[in-house]
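K.L.:
For the protein sequence lines, the chains are D and B, in the order given. According to this note's numbering, the first sequence holds residues 79 to 375 in order. According to this note's numbering, the second sequence holds residues 79 to 375 in order.
Derived by calculation from the structure, the hints in this document are not laboratory data. Ideal Cβ positions, reconstructed from N, Cα and C, are used throughout, including at glycine. Treat the hints with care, as some may be off.
Counterexamples of contact, computed for chain D against chain B with all Cβ distances above 10 Å [what the hints assert, rightly or not]: (1) Glu188; (2) Ala351; (3) Arg372.
Looking from chain B toward chain D, a few residues come up when the C-beta cut is under 10 Å (computed) [to be verified]: (4) Pro215; (5) Ala222; (6) Ala226; (7) Arg227.
What the simulated footprint calls covered on chain D by chain B, stretch by stretch (three residues with Cβ under 8 Å from a Cβ of chain B suffice, anywhere in the stretch; the number is not a length) [unchecked claim]: (8) 113 to 125; (9) 196 to 208.
Protein chains: 2
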Amino acid sequence: MTFADKISETTVLVEQRLADYLTGARGPVAPPEKLAEAMRYAALGGGKRLRPVLLIESAALFGVRAENALDAAAALECVHCYSLVHDDLPAMDDDALRRGRPTVHLAFNEATAILAGDGLLTLAFEILATPQTHGDPSVRGELALGLARAAGWAGMAGGQSLDLEAEDQQLEVNDIRRLQALKTGALIQFACVGGAILGRAEGESWQALETYGRLLGQAFQLADDLLDVTGDTDKLGKETGKDSGAGKATLVAALGLDEARAELERLEGEAIASLEKFGDSAHTLREAATFVSRREY
Amino acid sequence: MTFADKISETTVLVEQRLADYLTGARGPVAPPEKLAEAMRYAALGGGKRLRPVLLIESAALFGVRAENALDAAAALECVHCYSLVHDDLPAMDDDALRRGRPTVHLAFNEATAILAGDGLLTLAFEILATPQTHGDPSVRGELALGLARAAGWAGMAGGQSLDLEAEDQQLEVNDIRRLQALKTGALIQFACVGGAILGRAEGESWQALETYGRLLGQAFQLADDLLDVTGDTDKLGKETGKDSGAGKATLVAALGLDEARAELERLEGEAIASLEKFGDSAHTLREAATFVSRREY
């Protein structure tokens with residue numbers, strides 16, 4: 079099975095689990111309909127579901143069945159979707175298009191978009207705290223702690239803050255790397271580490287997934303920066319040239335196109351190499367590294 | 079010790095614990111400074127700390143020492159503070175003044191205010207997932223589940239969504255009650271139930287705190303609505319007449335001033351009565367019901 083097949087198979091499962099949560103089918107109280115509708119719009123019917131796939135595949139290395147990683151994967155995707163909704167807001171990146179559709183604040187309104195993001199972020203932790211997510215409360219707690227750190231002020235939200243500060247500033251290469259490690263890297267790394275938590279991985283296995291996640295996060299962001307310069311709006315489902323146009327600090331601008339491409343190739347190779355100890359069972363994760371590095375959308 | 083003494087004593091403890099977290103002293107990675115500064119501005123140096131006091135006092139009914147409830151109390155206050163920051167945003171209630179100071183989006187900027195709220199919400203769940211918050215992971219999980227439900231789409235965020243929809247609408251009294259139960263009631267009720275979780279309360283004790291929390295939440299919101307009509311901007315540290323001016327649905331408008339006052343008195347009495355089984359040990363919580371109902375700020 080190729081990574082593309084795998085990703086479509088998993089996408090169906092994740093989509094269904096997210097839909098279960100977002101129709102309120104798994105909660106005790108019905109939420110107000112307008113907010114629920116905006117949250118469904120933000121989280122369903124689109125997206126590569128890369129992070130859930132990484133979490134499910136990382137957990138699979140330790141024999142965890144996809145079914146038993148789906149709730150954690152759905153929680154992680156809620157956090158990713160919340161971050162897109164808030165990042166797209168007029169006060170932030172002011173984006174009109176996401177996954178080929180109007181962004182949430184345009185399809186609804188700004189207040190609803192803020193609340194839909196808040197609601198998705200909170201739902202993620204509700205899911206992780208729910209006993210059916212995992213039978214062992216300390217596993218649920220580790221997942222919540224890891225996700226909160228990856229998403230919070232010293233993770234994704236912190237990275238977004240640095241990114242906003244960086245507009246019209248000339249950042250050093252190392253500052254750009256730190257910014258990207260927080261903004262995009264932390265959550266992708268958590269996807270892999272989350273699989274290790276579900277699989278109760280230890281020692282070298284844990285470290286291998288941590289390393290793989292870090293390299294994959296770097297590759298993902300570098301590919302994103304390259305696509306912003308060379309990509310196609312139709313394929314991407316969002317506007318290109320925005321980051322470079324806004325004077326945002328990207329590694330492509332700092333390193334130049336050729337060096338950026340060479341670094342991306344190096345990251346892809348290192349990510350694949352970091353999985354050596356898992357042998358054939360890491361086949362899909364190796365393909366994920368190639369997919370992430372060479373994607374066109 | 080009067081409730082006013084108690085609240086000042088607990089405020090010092092909560093303030094210190096929040097400051098510990100918000101200087102990053104308890105986390106593994108240093109957050110970006112600008113975002114951290116906005117989060118400290120939003121969460122430190124003000125506020126009645128009513129919810130932390132309720133949580134600590136509810137837990138104390140079961141012999142839990144304040145020291146052992148402080149992390150949960152700090153997490154709860156982070157959620158409360160995040161909600162104020164987001165509610166004050168221009169796209170939401172567009173408030174300029176909070177606790178007698180410029181709101182976060184005016185003191186910093188709108189993007190930073192959105193991220194500071196996101197960061198505080200995420201930090202709350204980081205705190206609850208941290209082993210030092212409670213030795214038993216299932217207690218930590220119950221706290222996180224309860225807080226997420228109280229704060230999320232079927233709780234506080236849902237209530238704020240209904241509140242925004244309600245502008246320039248004529249709501250029925252029952253719709254206003256539902257709106258307020260979600261928007262303000264859920265988190266105040268969780269403060270009391272959170273104490274029951276920490277105290278491993280069961281049966282009647284749990285139900286008594288659930289009832290007390292519900293009644294107190296109703297009293298709090300009704301007092302708030304009355305203060306919006308009759309209160310003093312200087313004492314309140316925020317503008318008055320905003321809700322009635324914006325055509326917002328309040329119980330005072332729906333019931334009239336006299337009936338609203340009578341209902342508030344009834345709620346105060348019922349809240350106090352709900353604590354009967356705890357005898358003298360619920361002294362402070364009884365005073366809290368009076369404080370909440372008769373406050374001038």
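K.L.:
With reference to the structure, classify each hint as holding or not holding.
P.N.:
Checked hints:
1. Glu188: Not fine: 4 Å to the nearest Cβ puts Glu188 of chain D too close to chain B.
2. Ala351: 26 Å, holds
3. Arg372: 31 Å, holds
4. Pro215: Status holds, d = 4 Å.
5. Ala222: 4 Å, holds
6. Ala226: 4 Å, holds
7. Arg227: 6 Å, holds
8. 113 to 125: holds (count 3)
9. 196 to 208: holds (count 10)
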